[in-house]
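S.K.: Mind docking chain U on chain E? Use the hints.
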Amino acid sequence: MRAIVIDDSRAIRLILRRIVGQAGFEVLEAGDGKQAMEVLAGLDGAPELALIDWNMPNMNGLEFVAAARGDQRLRDMTLVMVTTESEQSQVARALAAGAHEYVIKPFTSDALMEKLALLGLVPSGAQA
Amino acid sequence: MSLSPTDLAFVANLVRRESSIVLGPEKEYLIEARLVPVARETGAANVADLVARFQRSPDPRVRQRVVEALTTNETSWFRDREPFRALTDMVVPDLVRARASSRHLRVWSAACSSGQEPYSLAIDLQRTLPPGWTYEILGTDISTEMLDRARKGEFSQVEVNRGLPAQLLLEHFERVGAYWRIAPGLRRAISFQQLNLAVPMPAMAPFDVVFLRNVLIYFDVETKRSVLRSVGRLLRPDGWLFLGGAETTIGVDDNYVRVTTGRTSAYRLRSGAPMAAAGKG
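Sequence order for the protein chains is E and U. Start counting the first sequence at 9; every next residue gets the next number (the working numbering). Start counting the second sequence at 2; every next residue gets the next number (the working numbering).
If you are wondering where the hints come from, they were derived from the structure by calculation, not from laboratory data. Mixed in with the good hints there might be a few duds.
[Claimed, not checked] Across the chosen pairs, the derived CB separations fall in these ranges:
no., chain 1, residue 1, chain 2, residue 2, range
1, U, Arg104, E, Ala49, 30 to 38 Å
2, U, Pro38, E, Gly53, 47 to 55 Å
3, U, Ser102, E, Leu51, 56 to 64 Å
4, U, Pro132, E, Gly128, 24 to 32 Å
[Said to hold, decoys possible] Covered stretches of chain E, going by a simulated chain U footprint (3 or more residues, C-beta under 8 Å):
no., segment
5, 37–51
6, 102–113
[Claimed, not checked] Sample of chain E residues lacking proximity to chain U, with all beta carbon distances greater than 12 Å (derived):
no., residue
7, Asp16
8, Ser17
9, Leu82
10, Thr116
11, Lys123
The C-beta atom is built at its ideal place from N, Cα and C for all residues, glycine as well.
Next comes chain U alone, as it looks inside the complex:
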């Protein structure tokens, strides 16, 4: 039984209230498809019954599951390649010069989903940082279910097929039953924490690099602005921000300048960025 327009609007409003993610009318199929497993888990007869039951008796656990089901996205290793190439070819050499005294980098993978992004970052940092350097990566996501998966660091064969070079599979994973488990050396430097980007963020030590990719597209302009402002406060003045290919700070927050590198762009804070290298924006 499919959802009525009123039910769809109810679910979209709930998700928007909880996560600031905007689900437009074109997401009708996604809403129904993603809620089928939640209906099954909670004993509802179908998705319409799930929504009706929740409206009668709003169980916070069901609310969390609905929001999680509609805000998590599939991901792959080294997603889109180019940002990771920019990280290893431009950002790491820049920060190795700038952090010569501390020899330590802090990286934030915001909206890290099931962990492919922070683990990809760890693989690249381990490969490119000079001997004697250390790094730490924080992976955050709104979904506790995704964070549990990320912490576990076990990936199915379908997941390790997605963008992970076979050589890196051999170097950084071990086969455990039907899964591939991330090597302990990579896991040590990564911590995971639940965080909703759309609400005021907790105090954290500043980051040298922030990957905030493919998440702003789901927010309205006001929320985008607020998230970029909060991220700006957590980014070191000479730090680097990476957004998704369809995302930009331009027209949203003019405290950033865009730096074009290869076939991708990164963003730096206007106050801290070397203007000669910065593109318009």
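If we strip away everything but chain E, and leave its shape as in the complex, we get:
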């Protein structure tokens, strides 16, 4: 299983890499949505999971979600927003755009693993 972590913060990318890496994912990284699309274009198949920040330069998380939803090659990739944006209307916008789940920062590794379990990507009760 592969995951792509898309966040302009190197520190957040490292944290997410560690959590999903421990769950058995091979982890790719991108600093924004545009860079993520470039990384994904160079792959044979899409990763199973994308963890996506909202506020990033060039292409933000919401734009990335919309772009990924419109790309046939990425249709099986599970999209999880991981963001400080915590207004109800923003959660609604992300889901409407096609995100499968939404994790509000700050989060714990257990919280992220529980969300991945909800999505069937890790077994229920898996701990980071």
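M.R.: Below, chain U without anything else, positioned relative to chain E:
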């Protein structure tokens, strides 16, 4: 300043006497960590000072805070998923057939902590019961502090991250300042009550479903047996009991039979259970 073995034994005995929860030697770190805020609240210099002061002058309010601090556990929405899946896929359809005349279900969330379990149950019942059906949920806990939080129905962002699908967050909560508040529609069907499972239970109308999850593990065998016996008296003959993943009635109370469903198990009273569907146990 850390606690001496004598102080640790004193605290463990106090908690055992008040709640029947057994805190073994491996819980030393937990005891110290959980008592730091209590020491701070009560003006003690540290945890050892808190225990020394309480031994000199046993204030019942301090006793309640110590017991609460050591008996409450973190919880999440739809904890472990599988019991909730069994509830919606197997138990609710079964009870919808069995309660066709009353069209009403009574559910007990025992040891409900800050309320995530009863609210998760309400979300699932609202979603799966046919139109015209009603339900009521009783949430009980030993901790009055946890019950106050549960009644309030407000959860931090860290708490709503824990196992709650984003779609359900949108459907059943509203954002109020830094918190997410449970929608009034869900709160209406839930009542909360302080209850110590380890002492004789008050008379209550029987329940169709009891969630008694991740609480028996803290009790010794005698207390487990007594709690299961009391719960059995409050469970309708064809009702359903859910325990935590590491808990079972087997070898403790043979009035129950285990029913395996998916990746989890539920328990039914031997007298009322349809034996064809029941597993060994």
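S.K.: Indicate, hint by hint, whether the structure satisfies it.
M.R.: Here is what the structure says about each hint:
no., hint, verdict
1, U:Arg104 to E:Ala49: 30 to 38 Å, "violated (56 Å)"
2, U:Pro38 to E:Gly53: 47 to 55 Å, "holds (50 Å)"
3, U:Ser102 to E:Leu51: 56 to 64 Å, "holds (59 Å)"
4, U:Pro132 to E:Gly128: 24 to 32 Å, "holds (30 Å)"
5, 37–51, "violated (count 0)"
6, 102–113, "holds (count 7)"
7, Asp16, "holds (21 Å)"
8, Ser17, "holds (18 Å)"
9, Leu82, "holds (20 Å)"
10, Thr116, "violated (7 Å)"
11, Lys123, "violated (7 Å)"
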